[in-house]
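Residue 35 in numbering that gives the first Met the number 0 sits at position 36 of the sequence shown, with consecutive numbering throughout.
Since the hints were derived computationally from the structure, they do not count as laboratory data.
Warning: the hint list may mix true and false statements.
Beta-carbon label-pair distances, calculated as ranges [to be verified]:
1) 89 <-> 3: 16 to 26 Å
2) 52 <-> 90: 50 to 60 Å
3) 81 <-> 39: 10 to 20 Å
4) 55 <-> 2: 37 to 47 Å
Quick reminder that beta carbons are idealized off the backbone N, C-alpha and C, glycines included.
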Amino acid sequence: MTSQTIAWIIGTALFAATSTAYARPDTRSMTCEETQRLIQSHHSAVLTTGRNTYDRYVRQYGNECDWPEVPVAASVPTRDGQCRVYSCREPVFDFPN
């Protein structure tokens, strides 16, 4: 094989790999109900929430968080206002001394 053929094969493979990838869903272009439904149906989802911000959001009740993290209420901007969702965070235990 010539070097041009090899370069063409590699270029085609890279293009195919990148074209099948999808961008993170943007909560700002979805309604609150659509955002919550997406998270529920996939159990967790990485969502864009702003120009340079994103996070992983999970169902309220489920095992999507790694120990010791737990689902904690969060708010994301949606097309119809702020929307309550859950993200994984370490619990804060504030015991009095």
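A quick look at each hint next to the structure:
{"no.": "1", "hint": "89 <-> 3: 16 to 26 Å", "result": "violated, 53 Å"}
{"no.": "2", "hint": "52 <-> 90: 50 to 60 Å", "result": "violated, 23 Å"}
{"no.": "3", "hint": "81 <-> 39: 10 to 20 Å", "result": "holds, 18 Å"}
{"no.": "4", "hint": "55 <-> 2: 37 to 47 Å", "result": "holds, 42 Å"}
Of the hints listed earlier, those the structure fails to meet are numbers 1, 2, in rising order.
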